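Peer 1: The chain contents come next:
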Amino acid sequence: MRVEFAGRDLVSMRELSRQEIEHILNTAERTEFSGDVLKGRLMCSLFFEPSTRTRLSFETAMKRLGGEVVGFAKPGAASLSKGENLTDTIKTVSCYSDVIVLRHPREGAARLAAEVSDVPVINAGDGSNQHPTQALTDLYTIRREHGRLKVRVAMVGDLKYARTVRSLGQGLAKFGARLLLSSPPGLEMSEELCAELESMGARLEVCTSIEEAVERADVLYVTRIQKERFPDPEEYRKVQGAYRITPELLEIASSRMIVLHPLPRVDEISPEVDHTDRARYFHQVRNSIPVRMAVLSLLLGVV
Amino acid sequence: MERDIRVRKIKDGTVIDHITAGQALNVLRILNLPSSSGATVTVAMNVPSRKAGVKDIVKVEGRELRSEEVDRIALLAPEATINIVRNYRVVEKKKVAIPQMVEGVLGCANPNCITHFEPVKPRFTVESRKPIRLRCHYCERIMCEAEIAKQF
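Taken in order, these protein sequences are the chains called Y and X.
So the mapping is simple: the working numbering equals the position in the first sequence, first residue as 1, plus 32.
So the mapping is simple: the working numbering equals the position in the second sequence, first residue as 1, plus 179.
Pulled out of the complex, with its shape left as it was, chain Y reads as follows:
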């Protein structure tokens, strides 16, 4: 079956099939390429929520392919501050760009944008819902390191609010991965998401300690506890600093185990881990470029 992406949106990992995910990852491998395939094309990057990596990575990917970028990084700069709603902003922007990259603090913003836009919309994070290009980057990194995606991934940290966990979990589930869950009390993965991941093909296990997760995993996926998603600051204070990955803790891990983190980190991974041969979080950052180049090229129909 032919995988067709031209003109489509990328809103959620839920709607990508295993075959489509593989097609994106294969394209990313090929696009550690180049060229000016997007010369004359314009990407509009709308970031209603702060971001360093995702925004710069998308802009880099577009420029590496010869395309142009316009947009804003602060919502205050947008006509939103004059009271314009997202629907009108997207309708306007879709008149003069070829692709829209959107980050927004509300869940569902990207789906809405995709419905009202005439050009493809890429979700660069919608509240605590989805972050599909981060998940694709994570999958790409895991596949490069382990050669396959049916692996044991320990997901550590905020499994309740982290959109990267939701998106990556859905991607891995389609490949039959085993997910080992380890989170501080109150930040457990919701029953709803657990049930969905299992129905998609993942095998889930809740770990009783972080050591258990570290010992059994092929991949340790560490997340930041996101202060900004907590409705109550008191709840945040209770779990702040609840876990910390150190070189000592990693001594019990299998020799091939790697550590990933979608970044930014606060104190979940000690800087000493950066010097171990397990650290792959900066590789993830590097890998995000070919993955986003692939996504842009596919949606714009040039590969």
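Do not take every clue at face value.
Unchecked claim - Pairs of lysine to aspartate or glutamate, EDC-like flavour, derived with a Cα cap of 16 Å:
| no. | chain 1 | residue 1 | chain 2 | residue 2 |
| --- | --- | --- | --- | --- |
| 1 | X | Lys188 | X | Glu240 |
| 2 | X | Lys273 | X | Glu258 |
| 3 | X | Lys300 | Y | Glu147 |
| 4 | Y | Lys123 | X | Glu297 |
Since the hints were derived computationally from the structure, they do not count as laboratory data.
In this text, all values refer to a predicted model and were calculated from it rather than measured experimentally.
Position chain X against the provided structure of chain Y, taking the given hints into account.
Peer 2: Chain X in isolation, oriented as in the chain Y frame:
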């Protein structure tokens, strides 16, 4: 059976029977009845029923409700039946069915869902019918039975 009928028969129109007791007024609200068309609407509540103990009934005179219209009530009255009446006789009878997509009846239970902030109608896909579970088309969150019931 005649003695059980507390409301007189209608000549033409729709009888919605076996509505979950206590839900008749919510059913009217969802169906936008009584509408400006002026149709006579009769409501009976807590009517003794052999099947359910008690039930509510709604009769709409002079108007045959389309099943897509009535299916929207299935969320709160899953056992309801629709009877189309012509010249005092029931000519068509069917159970309500939960549609594939629920639109315009419910709001999303997630307070941070974009549908609360933009001019867009909330839409849900039905993930499961028993128990009823809906997934917001926009924020992708699941709404469970209790969250749905709270909205009526």
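Peer 1: So, for every hint listed, does it hold in this structure?
Peer 2: How the hints compare with the structure:
{"no.": "1", "hint": "X:Lys188 with X:Glu240", "in the structure": "holds (10 Å)"}
{"no.": "2", "hint": "X:Lys273 with X:Glu258", "in the structure": "holds (10 Å)"}
{"no.": "3", "hint": "X:Lys300 with Y:Glu147", "in the structure": "holds (12 Å)"}
{"no.": "4", "hint": "Y:Lys123 with X:Glu297", "in the structure": "holds (13 Å)"}
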